[in-house]
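Colleague: Chain residues, written in single-letter form:
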Amino acid sequence: MAGERFCHRATFLSQRLAPLTSFYRNRDLAGFSNPSRALYSAVRELLENSLDSCELFSIQPEVYVRISSAPGEEDKPDPRRYALLIRDNGSGVDAEHIPRAFGRIFYGSKYKLRQARGMFGMGGTMAVLYGQITTNRPLEVVSSTDGVKAHDFLITIDIERNNPVILKHEVVDAKGWRGTQVRIELEGDYLRSANKIQDYFRESALVTPYADLTFVDPTGKLLAFRRGTEEMPEPPKETLPHPHGLDVEAVKRLIRGWKGGSMARFMVRNFHRVGDKIAKDFLSSSGFDPDADPRTLTNEELVKFTEALHAYEKFLPPDARCLSPLGEKIFTTGIVKELSPEFSAVAVRDPAAYSGYPFIVEVGLAYGSRAVPTGLRLLRFANRIPLLYDEGSDVSWKVINEEIDLKRYRVPTDSSLVIITHLCSTRIPYKTVGKEYIADRPEVERELRNGIREVLRRLQLYLSRKGTMERQVKRMSIYAKYIPMIARFSASLYGKKKSPSYSRLLGQVAGVEEGEE
Amino acid sequence: MRETRKVSEQRKEEVFKQLRELGRDAYEAIEGGRFPEITLPSRSVKNIVYDEALRQFILGASSVKRSSHNVKHIRPYTQLLWLAFFSQQLVREKKTSTLRDVYYSAQAYNTEFADQDESDETITDLETALMKAREDFNIYPEERSSIFGNLTVEYTIPGYEGRRLDLTSHPDGVMIGPALTTAEFADTDAEMVIAIEKGGLFTRFIEENVHKKHKAILINTAGQPPRSTRYIIRRLNQELHLPVYVMADGDPWGCHIAMVIISGSANAAHLRELTTPDARWIGVWASDINKYKLPHDKLNELDVKRLYELQKDPRYEEKLWRDEIDCFLKYRKKAELEAFARYGLTYIVDKYLPDKLEWAKSH
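Chains as they are written, first to last, in the working numbering: chain Z, 1 to 517; chain V, 1 to 363.
Chain V extracted, bound-state conformation:
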């Protein structure tokens, strides 16, 4: 475990350096009598392309320039530089901030944003400029998901440096917030990670000792997982070399939750290191609905429309995904994770999960 301890710290140092360079470029331009400017990859839809090798969306070659010489750009440029300045302070002082905090903090510096959207957009600009997620410069969204399992982490945040926490110590799981995202992984005997879409099932898995039976770290994604959760999943996979399995509802939305964990989302195309390409989607598949004779609902129009979209999505080219989408469209059925309760509350843990893990090992 030793070699992974400093990962988080190194990352912060790198971000700090990048921010400093951003400041240096502007500083030297002004000293040289030039208007500072910055060039960012364009995030327009036309410039988002799918990278086969990385198995995620990335930004293409076109770029946009923000110049302080242009009277229309000078305000957004200033806001971007302010955000860099603000983020550098956060990183230096090891403090965190929410998206909402950023919006309000700007007002103290006369760089106020017109609205939250403009503020968020500027944050995305800085992510694009640094090719780093906002969590790397200590800005977090409000939404939180949670983690539970036999993993001991060591905090790096001020006041908790060096303190450790066993992630089984709280039966509701531990919230994945800034402190956890930046914590180092100190000790574990886990052999896998299971990400679950819903809090109810997550709790059931804990109650049924899935973490012990399967030596699993359990993660509640609470719907579409936030970036910090995706980042944690990736770290567990990359740093601890744990296989990752994703369980979500048996509908197009559920399977896309799995896909975003694996291949990332289009609106984070400017970011790397949020994806876990080796994660496996283990259910609920369309074919499971018939196989397990699950109680089901009919697909509605929106579901069908979404499935046709997914058919065209380059991320869905693998056979497993194509077959399942076809199966959804053929039977027009969907089923939630909770549907297994028809066979008793523990059926999903006793029967379905082992079946799926068995499959995953052999495929």
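Chain Z on its own, in the form it takes in the complex:
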């Protein structure tokens, strides 16, 4: 759950900058603007935390999610209070970290970067907070790290002081289960969010085919997605920030943590793929003393330094080990498992970078799936998160609408075509805080365009081969129907009892390729 990531990152967090109150004021931005959206966001944030925590430790995720009416609310109309329970098989959270992990919000930028669903881990806490605000009910967390003992907490958040208040802490028998279970109560509107929530599970299953996902909704409806592969993508490695991706504040924070030493050394230690030689070349060409201590830089010099970082072109491009694309095999498994298409293709593009952030675009294609209606459908993912809202504003749609001519690929219009885009990056260029659609960065756009073209070309090839095969089969069946008749009629006309032997003719036809006649 969120806690694991929090703990893991705790050492990198420098400061408690923002109190919970600021999030309270900004809840619209985080996706908690109304009861229907809030229920969807809460499911989404908690599910993402669970998946992240499993994948980080290469555990095949098994996640169970249940939304039920809060006690006493069963017969009330939406919006009303719901209980949301999520249980995973992740690594669990140490008992001592649980209260802070779920009951306090840390704010800060990470020093190190790697691909993950959540960027700050605050989404889960937002869900907890939203629940407390709307229902005044405590959060229940049960977690076990060893499968022997489980710690059962009841926690509320002191919003003014940004502090968790433990109402109950019991140690119980884990009965062999390791993982984390969270239960919150919150105001929600399932009637209006049911479709989105269910779509979210379906699409998550497509992009995490190695996970077992189970969802039970308030009406008792069960959605179960069984894993289709044991194989998981390589977990991402943490990397240092690339100099092109740093802003002044980030540089300041890095300097604050600097224990002393030269500028050149500071850069080598803190920046991604910066060696001594490049550091010195950069510093001298930008007019900085390579031997000065960065802590002596004035505010103005810091601004100048950051600008120079962005302008310098000789930094090596970021490497992609901090990314974790699905890869062709796993991606294909997901597509086949969830869409059962007639034909599928996956294009994994080479790593690229925008503004110092590495990214990889993966594009999948499912043609002729009975599970989806006729026509073109786009599914978008960013760091394995399904993006369900604001599709029209997304860069993928822009690319498909403006730069791809589907007619060129001779895709029959009466069949279903699903294009699936997956952008992996240490920082997804979302257009808004709502994290629902991706901005049109030229670098990203180019990779999407090429990826989409690649899978469409493969589809075209498939269709043309299929067409050739079908035509050949049809041709053969025509000859096979008529040649024996011709033989029979000719024999009768000629006064022969037996038909002439026509097997040679049929043999010739089988060998004839199209266009040869």
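Calculated directly from the structure, the hints in this document are not laboratory data. Note that the Cβ used here is the ideal one computed from N, Cα and C, for glycine as well. Treat the hints with care, since some could be wrong.
[As the list claims (entries may be wrong)] Chain Z stretches covered by chain V per the calculated footprint, using a threshold of three residues with CB under 8 Å from any CB of chain V:
| id | stretch |
| --- | --- |
| 1 | 163-170 |
| 2 | 473-487 |
[To be verified] Derived SDA-like pairs: lysine to any residue, alpha-carbon spacing no greater than 25 Å straight-line:
| id | chain 1 | residue 1 | chain 2 | residue 2 |
| --- | --- | --- | --- | --- |
| 3 | Z | Lys280 | Z | Ser355 |
| 4 | Z | Lys497 | V | Lys12 |
| 5 | Z | Lys481 | V | Ala108 |
| 6 | Z | Lys481 | V | Lys12 |
| 7 | Z | Lys76 | Z | Ile59 |
| 8 | Z | Lys498 | V | Ser105 |
Could you slot chain V onto chain Z? The hints should help.
Modeller: Just chain V, lined up with the frame of chain Z:
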């Protein structure tokens, strides 16, 4: 008469042989590992030319090939071969079939036609391939016309072989069907053939004993004569050396009925032996309308358009035809055969016909 008795039989033998050759070509091609094919004269409009010597339309030099190797041709080729096979059976068993029968029969052999037109087109293909009319391979259209006169025929169809019929035995005339078309001419004292466009006049001629008075064989063409009728007319002319006279309405359509009997039609350009080049058109001419002061109608637009077409038609080059077309266009009048009734029901027989026959003898 003896020498003409076997004409029909010989013709059937020839058709049978042609069909056999068609089968042999296909058979030997297949045995030799080749895809059978057939080459036919093209029937496209561009390939229809008028032959001065034959005085009819014929097909020109261009041809089309139907190859079973071509995936687009194999079905029509098979249908053609099936039709040949089907026709050979008809000829062998001395049975006849209608155009409609052919369309349905194909379904029994999985060579079904898309529609009647395709079926008819295939029949025309076989006619073109053999240069024989469909009646020669025992396929007949539904329409029938009739014949009356002092002619005795001897049937050749199964069950009637050798049986004879005097064509005066039924006062409504005898239908010109497959049996009659294939019958041999056994005995006659007739001296001429008069083909009449309309059934009403045909009946009047019988009632007025034209067949006796003029020793004529009367034929009701019932409008544009079917091929079997044209074939019978030709046979009467060729085998019995009887002059043929044609009487039709006094309008462009009537005169074209006469012309088709004489010179054939464009859509039978692939066929010979349906024409009677020596037949005479004796009326109703445009000039007769004034001469006999016949009740008349004005030519309508369609009539006029048709006349301009006929003016350009190479079959209409003779002076008589040109003059009459000019006369139609000049006076813009037309008259039906029945118009003579104004002078009494027998006037046409008593006055008009003798006038015309007199003219025909002297010209």
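Colleague: Does each hint hold? Answer for all of them.
Modeller: Going through the hints against the structure:
Counting residues of the stretch 163-170 of chain Z whose beta carbon lies closer than 8 Å to any beta carbon of chain V gives 0, which falls short of the minimum of three for the stated coverage. With 9 residues bearing a CB less than 8 Å from a CB of chain V, the stretch 473-487 of chain Z meets the requirement of three and the coverage assertion stands. Pair hint Z:Lys280 plus Z:Ser355 holds up; C-alpha atoms about 22 Å apart against a cutoff of 25 Å. Among the hinted pairs, Z:Lys497 with V:Lys12 is consistent with the structure: their alpha-carbon atoms are about 23 Å apart, no more than 25 Å.
Of the supplied pair hints, the one linking Z:Lys481 and V:Ala108 holds, its CA atoms being roughly 15 Å apart against a limit of 25 Å. Between Z:Lys481 and V:Lys12 the alpha-carbon distance is near 32 Å, which puts this suggested pair outside the 25 Å criterion. Note on Z:Lys76 and Z:Ile59: the hinted pairing is violated, with a Cα-Cα distance of about 40 Å set against a maximum of 25 Å. At roughly 23 Å between alpha-carbon atoms, Z:Lys498 and V:Ser105 fall within 25 Å of each other, so this suggested pair holds.
Of the numbered hints listed earlier, those contradicted by the structure are 1, 6 and 7.
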